[in-house]
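Chemist: Since each chain sits alone in its own frame, please combine them into the complex, following the hints.
As a plain string of letters, each chain reads:
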Amino acid sequence: MIKLNVASVMVLDQEEALDFYVNKLGLEVARDIHQGPFRWLTVRAPGDPGIEIFLQEPGPPVQDEATAAQLRELIAKGAMGGLVIQTDDARGLYETLRARGVTDFTQEPTDHFYGTDMGVRDPFGNPIRILQPARTAHQVVA
Amino acid sequence: MSREAEDLNRRLLRARDAMDRAYAEPLDVRAVAAVAYVSEAHFIRTFRAVFGETPHRYLQRRRVERSMFLLRETERSVTDICLDVGFTSLGTFSRTFREIVGETPSGYRMGHEPMAAPHCFQKATTRPMVAAGAKRPGGSATRSSSFGEAPGAAAP
Chain E
0 MIKLNVASVM VLDQEEALDF YVNKLGLEVA RDIHQGPFRW LTVRAPGDPG IEIFLQEPGP
60 PVQDEATAAQ LRELIAKGAM GGLVIQTDDA RGLYETLRAR GVTDFTQEPT DHFYGTDMGV
120 RDPFGNPIRI LQPARTAHQV VA
Chain L
0 MSREAEDLNR RLLRARDAMD RAYAEPLDVR AVAAVAYVSE AHFIRTFRAV FGETPHRYLQ
60 RRRVERSMFL LRETERSVTD ICLDVGFTSL GTFSRTFREI VGETPSGYRM GHEPMAAPHC
120 FQKATTRPMV AAGAKRPGGS ATRSSSFGEA PGAAAP
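Read top to bottom, the protein sequences are chains E and L.
The numbering of the first sequence is numbering that gives the first Met the number 0, which starts it at 0 and goes up by one.
The numbering of the second sequence is numbering that gives the first Met the number 0, which starts it at 0 and goes up by one.
Chain L with its partners taken away, still in its complex shape (with noise of 0.2 Å):
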C-alpha cells in the first residue's frame, strides 16, 4: 500500500513541476494529470489530499507569487505582468493577487524593493500563502474566475 502511495507521489510531484515549468499558459488539466498517469478527476482530488490545496489553486499562487517577483524586480507595467504571468483579464488578476496577498499589486509594487536573493530561494519562499478568512479553493471565488484555462478544460 505505502509503495503505492510513494509511486503516485512521486507521479502528482511530476506533474506539479510541468505546472511550475508552464505557470504562464493555459491551464490543461487533462494534460497536467496525464503527467501523473491519472484522470483529471482523480488527479485533483489526490493532488489536493497530497499537496493541502487544489492544482489550481496552487498554480494562482505560483503565478501570483512570479507577479510579486515581476512588480518588484522590474518596471513592467501591471496590465504586462498579469499577461506574463498567465492570467488573461486585469479584473481577475487584482482580485486574486488581493485576495492572497492582502493588497493591490501596485500597493505591492510601492512597498517592496529587489531581493538580493537566489532566485530559486525567492521562488520558493516568498510564494504566498493565501490571506486569512479568503473562500477556500473550489469556492465562489475560484469557480468564477477567467483563470484561464484551456479550451475544453473543465472547471474541478
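The following block holds chain E by itself, in its conformation from the complex (with noise of 0.2 Å):
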C-alpha cells in the first residue's frame, strides 16, 4: 500500500503562511517542530490526518542563499505549484475569505459540470483552487 502524505508549498514567511492556511483557509496545524533554522511546520484539513502540506521557507541547510533567492522569486511569480482543496460549500467559503480580508481571487465561485470552482492565491503567490465537486461528477466522468 503507498498513500499521499506530505506535501509542499514553498511559502515566502512561515508565520505569514500560518496565518493565512490557519487563520483564513481553515486549515489547521498538524506539526510545528523547531530545529536550529528549520522549522517543520505543516498543516491538514481538520479531520483529515492523513495527508499534510509542508510550508517550506526557501533558504539554508535545505538550500543555498541562492538558490534561495531564485525560489523566492519564482513563488513571487506564481510560478511554483500550488494547491486543490475541496469543500463542500466554496460559496461559502469564499465569502468567508473575504471577510477574513482576503482580496487575492483569481477566480470568483463558477459553476461547471464537474462541480463549483474557485481560485485564490496565498500571500506569496502560490495557486491555490478550491472545488465543489458536483453531486453527479462521478457519474459525468466514469
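FYI, nobody ran anything at the bench for these hints, they're computed from the structure.
A few of these clues could be false.
Unchecked claim - Cut-off 20 Å, straight-line C-alpha distance, at most; resulting in silico cross-link-like pairs (DMTMM-like, lysine to aspartate or glutamate):
1. E:Lys-76 <-> L:Asp-19
2. L:Lys-122 <-> E:Glu-107
3. E:Lys-76 <-> L:Glu-74
4. L:Lys-122 <-> E:Asp-103
5. E:Lys-76 <-> L:Glu-102
6. E:Lys-76 <-> L:Glu-39
7. E:Lys-76 <-> L:Asp-16
8. L:Lys-122 <-> E:Glu-14
Modeler: Take a look at the structure:
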C-alpha cells in the first residue's frame, strides 16, 4: 500500500503562511517542530490526519542562499506549484475568505458540469483552487 | 535587491491576475499598471522581463484560449465568440487566432470537441503558444491590430 502523506508548498514566510492557511483558509496545524534555523511546519484539513502540507520556506540548510533567492522570485511570480482543496460549500468559503480580508482571488465561484470552483492566491503568489464537486460528478467522469 | 525583485514580481502577478479576470474588457494598460503600483512604461518593460512576453501578447493568448474554449464547448457563432472574448473586429480576431493557433477559428472548431477536463486545467494548459514564425510582440502585427484598448490608452 502507498498513499499520499506530505506534500510541500513553498512560502516566503512561515508565520505569514500559518496565518493564511490556518486563520483564513481554515486548515489546522499538524506539526510545528523547530530544529535550529529549520522549522517543520505542516498543516492539514481538520479531521483529515493522513495528508499534511509542509509550508516550506526556502533557505539554508536545505537550499543555499542563491538557490533560495531564485525560488523566492519564482514563488512571487506564481510559477511554483499550488494546491487543490475540496469543500462542500465553495461559495460559503469564498464569503468567509472575503470576510477575513482575503482579496487575491483569481476566479470567483463558477459553476461547471463537474462542480463549483474558485481560485485564490496565498499571500506569496501560490495558486489555490477550491472545488466543490457536483453531486453527480463521478457519473459524468466515469 | 532580491526582496525588491520578489515584491515587484508579486505585484506584477497581481496585475496579470487582473488582466486574466477582465480579459473580455478593453485593455487599459494604465489601470493594470496601477494594480502593480508602477508606471505604464515600467509595467510593460518589467512584465516582459518577468513573464517573457508583453502584457498585450499575454492578453491576446488569454483571449484566444477563451475563444478556443467557446469554439469547442458552445454553438455560438465565430462573430459572437470574437466579441465575447474582447476583440472588437472579426478581422483582427481571425488574423490573431491564425497567427497564434495556426488555423482559422472555424477550422479549429471542426477539428475539436468538448474536453472532459476541469476548467482550470483547460484554461492553464490549452492556452496556445505563439505559432513558430509568428511576428514578435511589439512588431507590426501587434501594433496594427485593433486590440480593443480603452480610449486614451497608449500602444506599447
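Chemist: Does each hint hold? Answer for all of them.
Modeler: Checked hints:
no.: 1; hint: E:Lys-76 <-> L:Asp-19; verdict: 14 Å, holds
no.: 2; hint: L:Lys-122 <-> E:Glu-107; verdict: 15 Å, holds
no.: 3; hint: E:Lys-76 <-> L:Glu-74; verdict: 36 Å, violated
no.: 4; hint: L:Lys-122 <-> E:Asp-103; verdict: 18 Å, holds
no.: 5; hint: E:Lys-76 <-> L:Glu-102; verdict: 32 Å, violated
no.: 6; hint: E:Lys-76 <-> L:Glu-39; verdict: 19 Å, holds
no.: 7; hint: E:Lys-76 <-> L:Asp-16; verdict: 11 Å, holds
no.: 8; hint: L:Lys-122 <-> E:Glu-14; verdict: 32 Å, violated
Taken one by one, the earlier hints fail for this structure at numbers 3, 5, 8, listed in ascending order.
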